[in-house]
Amino acid sequence: MNGSTIIFYLLAALTLVSGLLAVTSRQIFRSAIYLLFSLIGIAGLYFWLQYEFIAAVQIVVYVGGIVVLIIFSIFLTQQSGEKLPQQKLGRQLFAALAAFCGLALIIVQLFQYQFIGTSQTAVEPTVVNIGNQMLGTDVGGYALPFEVVSILLLAALVGCIVIALRIKPETN
Amino acid sequence: MEPGLNHILFISAALFFIGVYGFFTRRNLITILMSVELILNSVNLNFIAFNKYLWPHKLDGLFFTIFIIAIAAAEAAVAIAIIINLYRSHQSIDVESTEELKY
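Chains A and B are the protein sequences, given in the same order. Numbered as in the numbering used here, the first sequence ends at 172 without a single skipped number. Numbered as in the numbering used here, the second sequence ends at 103 without a single skipped number.
Derived by calculation from the structure, the hints in this document are not laboratory data. Computed from a predicted model, the values in this text were never measured in an experiment. Even glycine gets a Cβ: it sits at the ideal position worked out from N, Cα and C. Careful: at least some of the hints might be erroneous.
Stretch-level coverage of chain A by chain B, calculated; a stretch enters the list once three of its residues show a Cβ under 8 angstroms from a Cβ in chain B [as the list claims (entries may be wrong)]:
id : segment
1  : 20-33
2  : 98-111
3  : 124-137
Bound-form chain B, shown alone (with noise of 0.2 angstroms):
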């Protein structure tokens, strides 16, 4: 069958729904930043095929693709420096030792 809409569709909810199995499960924090990554990049994936498909006339779902990439790198420097802040105050980066945010 040639691939077409919906199996890219396909492919980015399965995609999702793999970072939210391992967003719910994982109790580290680096992995829960990994499996935020994966759902970000379904996310991608799903405007680049709606602006391939249904949209070919515009650009835009390719503009927000680029926004979303470059919001994903600030946020994920700045989750890591707090990771690394984190333990360096407190010797881990499990969920559960960051039940207090003040020192």
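Okay, chain A solo, but in the shape it has when bound (with noise of 0.2 angstroms):
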């Protein structure tokens, strides 16, 4: 039992505990403090598995994009303090089933199957190689989707605009 490993338990606790009080949490602004906990714990496994890059990706767009955005519409749409309402008990049950039977399952096919890596060496994940690669035309390079994601990104800033747009009544 290292370092390493305490942290690394330290950090999945952090994720796990933060994750499930963010769907359970009644209130829905504690409900994104919490989920902001289980992003930065992920991060913080991403910088255990020493991604660098990929873990302070993680914080900019997730920590400090996304859950900005959601506090923000969540003081838009509303009123502080009200709790949200109780759900049926009965859809509480089944959806706890589901997802334990979903998890269950998953967990006794991670124990059976056995995993077989490569031998070949191993490419450092540092940002020049992330560039050559993601900007690359050759075989393996990332360029098209990188184009088709920047297209992507704009039409989602179009439509965000065009939809959040307040329409004026029309004068007569």
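Two independent chains are provided; combine them into the complex using the hints.
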């Protein structure tokens, strides 16, 4: 039990416990804050796996972007301090049962299956390697998906503006 | 026990089904969106773990994660625009109030 192992279990506990609280808390603002901690825990797991670039992207996009967006939309649409209505017990029970059965199925599969990795030399996930492959046009390059995602982001930008545009009442 | 691939896959499976539970039980559109974010994050964690432990000579899992993060950001922005627009017209963001999609 060395330091790395202890950090891993702490990060796992942070992620799972705050994720569970995020979906069960009845105050929506607290739920958003628990989601924030869960996402930070996942970023910590990326750091633990030594994928620093992905961890940084996770913090910038999720913690800095999406959670802030969610909190703003809670402020815009929810009376603050008001609790969410209690769900029916049967619905909660069946949802928990379905989730638990799925989880049990996956875990049984996990313990039965033996993963076989390659023994080739590892590529370091540095920013230089990532950038070279992402903008590469030869085999294994990701230039085309990169451009497609750029167009998707542009479309989402325009779509958000169009959807959220306030339609002025027509003056006759 | 030294944590390895199976531990991370267990975490991501648990996180996925936490998200599924939230998706089933919640009735508020913003909390449903939060559950979807948890599900997408568990998928990202899976991709990174497979890339790290099984195919370390490639970076494909990492690229899938980057693209999923970008698409999730776009999805969240559009979803929140729709939710705010819905709140303006219905004064409520429960899924029961979204039965009609037209004005």
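*Checked against the structure, which of the hints given earlier come out wrong?*
none
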